[in-house]
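*Asks:* Chains L and H, in that order, give the protein sequences.
In this text, residue positions in the first sequence follow our numbering: the first is 1, and each later residue adds one.
In this text, residue positions in the second sequence follow our numbering: the first is 1001, and each later residue adds one.
Derived from the structure by calculation, the hints contain no laboratory data.
What you are looking at is a predicted structure, and each value in this text was computed from that prediction instead of being measured.
Keep in mind that the hints are not guaranteed to be accurate.
[Stated by the list, open to error] Okay, the calculated bits of chain H under chain L, using three or more residues with CB under 8 Å as the criterion:
1. 1010-1016
2. 1125-1136
[Unchecked claim] In silico contact screen, one side only, chain H against chain L (beta carbon under 7 Å); selected entries:
3. M1001
4. A1019
5. R1075
6. A1086
[What the hints assert, rightly or not] What the simulated footprint calls covered on chain L by chain H, stretch by stretch (three residues with Cβ under 8 Å from a Cβ of chain H suffice, anywhere in the stretch; the number is not a length):
7. 46-53
8. 59-67
9. 72-80
10. 120-126
11. 143-156
We put the CB at the ideal spot given by N, CA and C, even for glycine.
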Amino acid sequence: MNSGWQHETTAPTDWEQWLGHHTPALLLFARQQARCEADAQDLLQEAVVESWQRQGHDAPPPLGLVYATIRRRAIDLARSADRRTGREAAANLDTPQCWFDSEVENRERSRLIQEAMQNLPEIYRGVVTLKIWGGLTFSEIAEVLDIPANTAASRYRYGLVELRKMSREVFA
Amino acid sequence: MNDSELERLEADLRRVVPARPPDDFLARLKAARPDCNSRPLAKATRLPSLGLRPWLLRWLIPATAMMTVGLVVWRVSLPAAKAAPALKADNVQIDQELLSAFDTVARLPSGEPVRFRCRTWMDQVVLTDKQRGVVIEQRTPRIEVVPVRFETY
């Protein structure tokens, strides 16, 4: 397992540019971790601000650190959210979320992939998301999910196989 | 699924891009830029391994705990004679000195006047062990407030 986060050196250091570049993938991961859209946005905002503060503003935070912070905060939130009323939780679950870009020509494809991803077991979904859309290495994924790198690699492969089975019409 | 199929599937998935965040959320995120003047938080770093292997650490922690307990038991079971003898005071003086005294008047909620007699004392205790030539002196200030009713006729 890697001993630390890989620091990003090529990405723009400016806050807004960094957000514009990374927020879609970060929000995708946050949506998978949270119960509703509002929670996902709150998780992402808190994680990004905390990671930038940790980094000390000299450079953008390593992406792995941001993803790990999202996951850690999601776990904390899930523990506290268990105390919420059932009505509030049900209302949140009804809120539709669009995980992928839904331009007219890709709308159906995006919907099917989202459906397949939602049905994918959680242990595969996180790894696939971090690898494909987060652009992390297996070492970084291992750090984020607190698993060995070999496990991350095998889960990724199993995840892709499962994903292909579930969305055969999309990837025919 | 062979490697080429895997790569093709990866490429297909990468073509599907994550949804753009809502504009209001993006604006909120941009506005949440951390204060550049604030001190950075402590970085999340792992503890240095010090080159110790896990199996060694597994034994080292309980062994250290057992050694500590053993040390405490041995220290407690030492004969009392070896410990330094306690001080034996052969002269004890207790004194109190009045520093100030004044009276003040207040009214109860019922309107009844009450006089308070306030005194400031300095209590002093002096212990002397002539054999060892040790003198211990302790001075403690004390305020004494005594309510005194007005006499009514």
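*Asks:* If you check each hint against the structure, which ones fail?
*Replies:* Of the numbered hints given earlier, those the structure breaks are 2, 5, 6, 8, 9, 10, 11, listed in rising order.
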